[in-house]
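S.K.: Here is how the chains run, residue by residue.
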Amino acid sequence: MFRPTPRASGYFRTTYAADAALVQTRTEKIFLLLFLIALAVLPFAAGPFILDLACQFLLASIGALSLMLLTGYAGQISLGHAGLIAAGAFTTGILARETGAPFWVTLPASALTGIVLGFLFGLPSLRLRGLYLAVSTLALHFIVVYLGGEYETKRGFSTGIVIEPPSFGGIALRDGRAWYFVLLAAAAACLLVCVNLLRSRSGRAWLAIHARETVAEALGIGIARYKLLAFVISSAMTSVAGCLFAYYRGFVSIEAFDLFLSIQYVAMIIIGGMGSLLGAILGAAFVVVFPYLIENAIRLLPNAQRLAGDIFAVNYAAFGVVMILFLLFEPLGLVGIWRRIQNYFLLWPFKQRPLAGGRT
Amino acid sequence: MTGINAVDRERLRRTTAPHLLCERARTRPDAVAFRSKAFGIYRERTWRDYAGLVARAARVLKSLGLKRGERVAIMGDVCEEWMICDLAVQSLGAIVYGIYPTAAPTEVAYQMRDGGASIFIAEDQEYVDKILPIAHELPDLRTILVIDDSAMFAYDHPKLRRFAEIAGNESGDIGWLEAEIATLSPGDPAFIVYTSGTTGHPKGALVTHGRHLAATDTVAAHYPTLREKAHRTVIYLPMCHVLGRDVAITLPLMTELVPHFGEDPEDLAATLFEVAPTVLFTVPRYLQKYASHVLVGMLGSSPLKRFVYNAAAHVSRRHVRRLWDGRATRLDGVAYRLLHRLVFAPILNKIGFDRLELVVSGGASLPTETATLWHIYGVNVVEMYGQTEEAGGIIAGQRGPFPRPGSVGTPADGVEVRLGAEGEVLVKSPDLFECYWNNEEATRAVKGADGWLRTGDVGEWKDGSLRLIDRARDFIVTSGGKTISPSFIENALRASPYVAEAVVFGHGRKYLTAVIEIDFDTVSDWARANNVAYTGFTSLTAHARVTELIQGEIDKVNSGLARVEQIKAFRILPKALDPEEEGEPVTPTRKVKRKQMYERFRELVDAMYDDSEERLIALGARGALPP
Numbered sequence: 010m011f012r013p014t015p016r017a018s019g020y021f022r023t024t025y026a027a028d029a030a031l032v033q034t035r036t037e038k039i040f041l042l043l044f045l046i047a048l049a050v051l052p053f054a055a056g057p058f059i060l061d062l063a064c065q066f067l068l069a070s071i072g073a074l075s076l077m078l079l080t081g082y083a084g085q086i087s088l089g090h091a092g093l094i095a096a097g098a099f100t101t102g103i104l105a106r107e108t109g110a111p112f113w114v115t116l117p118a119s120a121l122t123g124i125v126l127g128f129l130f131g132l133p134s135l136r137l138r139g140l141y142l143a144v145s146t147l148a149l150h151f152i153v154v155y156l157g158g159e160y161e162t163k164r165g166f167s168t169g170i171v172i173e174p175p176s177f178g179g180i181a182l183r184d185g186r187a188w189y190f191v192l193l194a195a196a197a198a199c200l201l202v203c204v205n206l207l208r209s210r211s212g213r214a215w216l217a218i219h220a221r222e223t224v225a226e227a228l229g230i231g232i233a234r235y236k237l238l239a240f241v242i243s244s245a246m247t248s249v250a251g252c253l254f255a256y257y258r259g260f261v262s263i264e265a266f267d268l269f270l271s272i273q274y275v276a277m278i279i280i281g282g283m284g285s286l287l288g289a290i291l292g293a294a295f296v297v298v299f300p301y302l303i304e305n306a307i308r309l310l311p312n313a314q315r316l317a318g319d320i321f322a323v324n325y326a327a328f329g330v331v332m333i334l335f336l337l338f339e340p341l342g343l344v345g346i347w348r349r350i351q352n353y354f355l356l357w358p359f360k361q362r363p364l365a366g367g368r369t
Numbered sequence: 045m046t047g048i049n050a051v052d053r054e055r056l057r058r059t060t061a062p063h064l065l066c067e068r069a070r071t072r073p074d075a076v077a078f079r080s081k082a083f084g085i086y087r088e089r090t091w092r093d094y095a096g097l098v099a100r101a102a103r104v105l106k107s108l109g110l111k112r113g114e115r116v117a118i119m120g121d122v123c124e125e126w127m128i129c130d131l132a133v134q135s136l137g138a139i140v141y142g143i144y145p146t147a148a149p150t151e152v153a154y155q156m157r158d159g160g161a162s163i164f165i166a167e168d169q170e171y172v173d174k175i176l177p178i179a180h181e182l183p184d185l186r187t188i189l190v191i192d193d194s195a196m197f198a199y200d201h202p203k204l205r206r207f208a209e210i211a212g213n214e215s216g217d218i219g220w221l222e223a224e225i226a227t228l229s230p231g232d233p234a235f236i237v238y239t240s241g242t243t244g245h246p247k248g249a250l251v252t253h254g255r256h257l258a259a260t261d262t263v264a265a266h267y268p269t270l271r272e273k274a275h276r277t278v279i280y281l282p283m284c285h286v287l288g289r290d291v292a293i294t295l296p297l298m299t300e301l302v303p304h305f306g307e308d309p310e311d312l313a314a315t316l317f318e319v320a321p322t323v324l325f326t327v328p329r330y331l332q333k334y335a336s337h338v339l340v341g342m343l344g345s346s347p348l349k350r351f352v353y354n355a356a357a358h359v360s361r362r363h364v365r366r367l368w369d370g371r372a373t374r375l376d377g378v379a380y381r382l383l384h385r386l387v388f389a390p391i392l393n394k395i396g397f398d399r400l401e402l403v404v405s406g407g408a409s410l411p412t413e414t415a416t417l418w419h420i421y422g423v424n425v426v427e428m429y430g431q432t433e434e435a436g437g438i439i440a441g442q443r444g445p446f447p448r449p450g451s452v453g454t455p456a457d458g459v460e461v462r463l464g465a466e467g468e469v470l471v472k473s474p475d476l477f478e479c480y481w482n483n484e485e486a487t488r489a490v491k492g493a494d495g496w497l498r499t500g501d502v503g504e505w506k507d508g509s510l511r512l513i514d515r516a517r518d519f520i521v522t523s524g525g526k527t528i529s530p531s532f533i534e535n536a537l538r539a540s541p542y543v544a545e546a547v548v549f550g551h552g553r554k555y556l557t558a559v560i561e562i563d564f565d566t567v568s569d570w571a572r573a574n575n576v577a578y579t580g581f582t583s584l585t586a587h588a589r590v591t592e593l594i595q596g597e598i599d600k601v602n603s604g605l606a607r608v609e610q611i612k613a614f615r616i617l618p619k620a621l622d623p624e625e626e627g628e629p630v631t632p633t634r635k636v637k638r639k640q641m642y643e644r645f646r647e648l649v650d651a652m653y654d655d656s657e658e659r660l661i662a663l664g665a666r667g668a669l670p671p
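Sequences listed follow chains A and B, in order. Under this note's numbering, the first residue of the first sequence carries the number 10, and numbering increases by one thereafter. Under this note's numbering, the first residue of the second sequence carries the number 45, and numbering increases by one thereafter.
Next up, chain A with everything else stripped away, as it sits in the complex (with noise of 0.2 Å):
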């Protein structure tokens, strides 16, 4: 993330914009545009079953990015995910179903209700840490699901919401692959956004008030003022990635939003390893995927259609048991394994940095 020195020789840089370039070296440059083709190639290589995991995958990606950001740099504890993506969907399910409001207009006000919520429920962590944190966010979860119920039940939308899909320009947007460049591309604006935060004064700010508090405060960092905004841009990413996951589910409702919705949140960045965006995404695409993995490793068992009505029990069992090991045994996360693959050949034929020379 942050870069004292390039990964190869030779890239002195004469000016602070090439400092500050995210990309450096040759090889990175290389790999980066690999990893671009690739994706761009993805969606016409792939079948609809795997497009849609991996419209999935880009959701989640910005909800784990932003709660990454709050929780893995800031560290403020929250349990009132679900709460915030509900809040983005259900601000843009009302508006799109009451006042016909464009996707122009609901993105941002679910972007504005997020920012309210994350100030208000972000007061807390001015007095409460961690634990008590977490219950305080829980009260967000369930203060939101219980008005989004109140309104589909007063408006008699019992079953949900149904939204019509957002058009650009007069073309409505109802094809997979078109979804998913949208997807990928705000996901890929919100792993922007967190890279050059966490890069900048607010970057080191929350990593100095995770560290140590009173430290932070002693260093001339306004406590209260990083804090609030950690939660308010948190918050108003998770609910913009909740405006998009009512576009592209085309319904809203509350049923979807529940507790569990939270636990695979803080799954995916504990999975995904803590302190680290790229942990967030790895978490992501883990947690999106897992479910589907259970579900054919069950089906390749013998009388597997007497096993059918497990599977959602078996889900959530092996979910719990992964987290488990990767805490006990993986505390970095699937990051700090990428990161040991990676260092392998980075260091090659080094095991550790030798004593001369730059980084790794």
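Note that these hints are calculated values from the structure, not bench results. Note that the structure is predicted; figures quoted are calculated from it, not measured. From the three backbone atoms N, C-alpha and C, an ideal C-beta is built for every residue, glycine too. Heads up, some of the hints might be wrong.
[Unchecked claim] Short derived list, chain B residues pointing at chain A, Cβ under 10 Å: (1) Tyr86; (2) Arg276; (3) His304; (4) Phe317; (5) Ile395.
With chain A's structure known, arrange chain B on it following the hints.
M.R.: Below, chain B without anything else, positioned relative to chain A:
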């Protein structure tokens, strides 16, 4: 010597460094002259900027009343400001000399008094602190000029002036500089270089403008690639040393070499990594240090990686041997290149050595093992031989690529070399130093009436190449009458990654012993990897496992030596040698003064010699033999 070359050199002989600078500022104003890292980025300075900075500094010095022929001393770390001030002093016709940043206080006092500097330029507060306590004892000293005054808030001294205060916002005027240097004559003295002097006080070699440029041309002529294409180099050798001056100031004015300065000399490893130089001038110590860092890193690597390394080193060694003999086949080359790409290129990349096309080692003799290792890694290390007295030129140098280590190559163009009595290397060249400053006697001793310069080194010819055997008068004659060259054994010892410095004793003794200074970085790394508990340098040196480690290294060296040359006992120094400390037996360039070393660590050395025989003889003489 080719015709074109001679014309070129004659042209250089008739000009000065400031003239070359102004010429470049006129002919290629926007080309990059050097890069200097400040606040995280490498600031590019064009030739126009460079000349402007020199003009600005010259104006400041002139306003301080600097007159032709006066001396100016510069003390500080390697930095662009040194180079700029140096050329500014030269532009005004004054004589500049540098003092080692690591020099001990008495050394500073001696050089200030001997050189008689009227202005002392201090890089920053650290060097102001070194001069202030002795400022009142120096009648010639008019002004102490400090460049970086960031830590100078509480300083108040009548002689102290701040550069920025005098220079103001004025930018340098190249026209003014050109007018100023118009009267400069190539025959005027330009600078003094104090020899590091392992014996006695350092002597200041006085050098004139024209001769210095013509002499430095021997380096450029010996390594034509410097002129043929743009090269990056990193500046880290002290600029008060003649080699440091050549690389930072003079060679860039006459070749395509672009110097790069790091943010701080402490960051050398990072600077090398970032810049990835294509040409490096170095002293053997750095090559040894980096080689040992690589080796220790490999020792700590996983078995698979180490196996791959060993296999690659094995094949490459064979290839390098054939390269030396000039009979490498194409098939060899293919296998070697593959292994290089797989193993050595990643190693070199991590220390910023992967783009090196030429590494020139000078200043002291380069151990064969070290040169061989770098050749195996695919780094074209060549050795050159020169002294301060050659005014920035070289006597001889290996041209390469990949020359067989062990010699210092063929004599430079325009330099005549012959061996005198007892094999002493004698040099004749039109471009040598003028005299030792204030030391007629020493000048006469070195510059004979016959026009041959006495180097004091002993050499021999081997296949047309010059091989250096030792500094004259630095042989050890054991009590057994064997004459041994200690520096050869010391070099072999220093090739070990764990040995920073080794001094061999044994003059008039029965056998040889050594005093070892461990390399703290590598040994502490080894200690951590091997669960050896230690608290600091001294506790590390006292550990039995470390003694075992060094014993192992000495055994390895001994196995390659004749019986009389073998080290029979050794002691590890309990502290690191620090040239900045008063009375420490090393020169500022970390060359060991053998005699002082003995005086300082006499007990350590004497304890290694078992004197039971002598005692027995004494007892026998007194008739006091035990019953």
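S.K.: Hint by hint, which ones does this structure get wrong, listed from lowest number up?
M.R.: Violated hints: none; all satisfied.
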